[in-house]
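Just so you know, our numbering puts 103 at position 103 of the sequence shown, and the rest follows in order with no gaps.
You may find that some hints are simply not true.
Below, in silico cross-link-like pairs of lysine to any residue (SDA-like), each with a Cα-Cα straight-line distance of 25 Å or less [claimed, not checked]: (1) Lys69 - Arg83; (2) Lys69 - Gly93; (3) Lys121 - Val61; (4) Lys43 - Lys57; (5) Lys69 - Lys36; (6) Lys57 - Val92; (7) Lys121 - Gly95; (8) Lys69 - Phe96; (9) Lys43 - Val31; (10) Lys57 - Asn98; (11) Lys69 - Asp117.
Derived CB-CB ranges, DEER-like [claimed, not checked]: (12) Gln39 - Val9: 38 to 44 Å; (13) Tyr115 - Arg83: 17 to 23 Å; (14) Ala42 - Gln102: 29 to 35 Å; (15) Gly113 - Glu40: 40 to 46 Å; (16) Pro63 - Pro138: 24 to 30 Å; (17) Ser21 - Ala42: 28 to 34 Å; (18) Pro100 - Met52: 18 to 24 Å.
If you are wondering where the hints come from, they were derived from the structure by calculation, not from laboratory data.
A virtual CB, placed ideally from N, CA and C, is assigned to each residue, including glycine.
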Amino acid sequence: MKRILSLIVLSVFCLALGFGSGWFGARQHYVVAPRKKAQEMAKKHQEELNKMVRRGKVVSVEPDAITVKVEKGGEAGRTVTYRTNEFTSVQVGMGFVNQPGQKVDLTKHFKPGDYVDLLVKDGQALALHRDFRPEERPAPPEGVPGQVYGPQVRLAPNVAPQK
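Based on the provided sequences and hints, a complete structural model is requested.
What follows is the structure in structure tokens.
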């Protein structure tokens with residue numbers, strides 16, 4: 001009887017040990033290792049992106065090139081000319097000024113003295129962005145300041161709207 005009981009206890013212990021080590025090994029293989037690999041890749045991509053981003057003041061503009069005195073990002077302190085092509089995205093404010101695959105004339109949207117953000121790879125500008133100039137700002141919406149949904153404002157749920 002003792003022998004059978006000890007055999008049962010030993011077999012349960014071996015099963016638990018095998019199941020536990022299998023679970024731990026699977027967790028390492030399917031959870032921990034991919035997570036670590038993804039974190040390393042994300043860090044590598046972030047470092048590469050940080051090397052690609054630049055911010056600076058426009059010195060001169062040509063239809064397919066822009067010269068910038070870089071203030072932040074890679075090449076800081078240098079004046080560099082970046083070329084553009086039909087794959088370069090150009091953005092003014094929050095809107096894009098060109099369609100994908102369409103080459104844009106930079107002299108229409110940039111002038112010396114503008115501050116621009118660039119995404120650059122191998123001397124090629126992949127993306128250009130500048131904020132609105134003061135004279136280009138969109139007109140503020142009419143109505144109550146901070147109002148979002150039209151000209152009528154309800155002060156309370158059961159009160160008629162004010163005009």
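Against the range 17 to 23 Å, how does the distance between the Cβ atoms of tyrosine 115 and arginine 83 compare: consistent or not?
20 Å, holds
What's the verdict on lysine 69 and phenylalanine 96, does the C-alpha distance respect the 25 Å limit or exceed it?
23 Å, holds
Hint check: lysine 69 vs aspartate 117, CA-CA at most 25 Å. Holds or violated?
At roughly 11 Å apart (the allowed maximum being 25 Å), aspartate 117 and lysine 69 satisfy the hint.
Falls inside 29 to 35 Å, the C-beta gap from alanine 42 to glutamine 102?
Because 32 Å falls inside the window, the suggested range holds.
Outcome of range test on Cβ distance (serine 21, alanine 42; 28 to 34 Å):
30 Å, holds
What's the verdict on lysine 57 and asparagine 98, does the C-alpha distance respect the 25 Å limit or exceed it?
22 Å, holds
Checking one constraint from the list: CA of lysine 69 to CA of lysine 36, max 25 Å. Satisfied?
39 Å, violated
Are lysine 43 and lysine 57 close enough, with their CA atoms no more than 25 Å apart?
29 Å, violated
The hint says 18 to 24 Å between proline 100 and methionine 52; measuring C-beta to C-beta, is that right?
19 Å, holds
Are the Cα atoms of lysine 69 and glycine 93 separated by 25 Å or less?
At roughly 21 Å apart (the allowed maximum being 25 Å), glycine 93 and lysine 69 satisfy the hint.
Using the C-beta atoms of glycine 113 and glutamate 40, is the stated range 40 to 46 Å upheld?
42 Å, holds
Given the hinted pair lysine 57 and valine 92, is their Cα-Cα distance within 25 Å?
15 Å, holds
Figure legend: structure checked against the earlier numbered hints; hints not met, in rising order: 4, 5.
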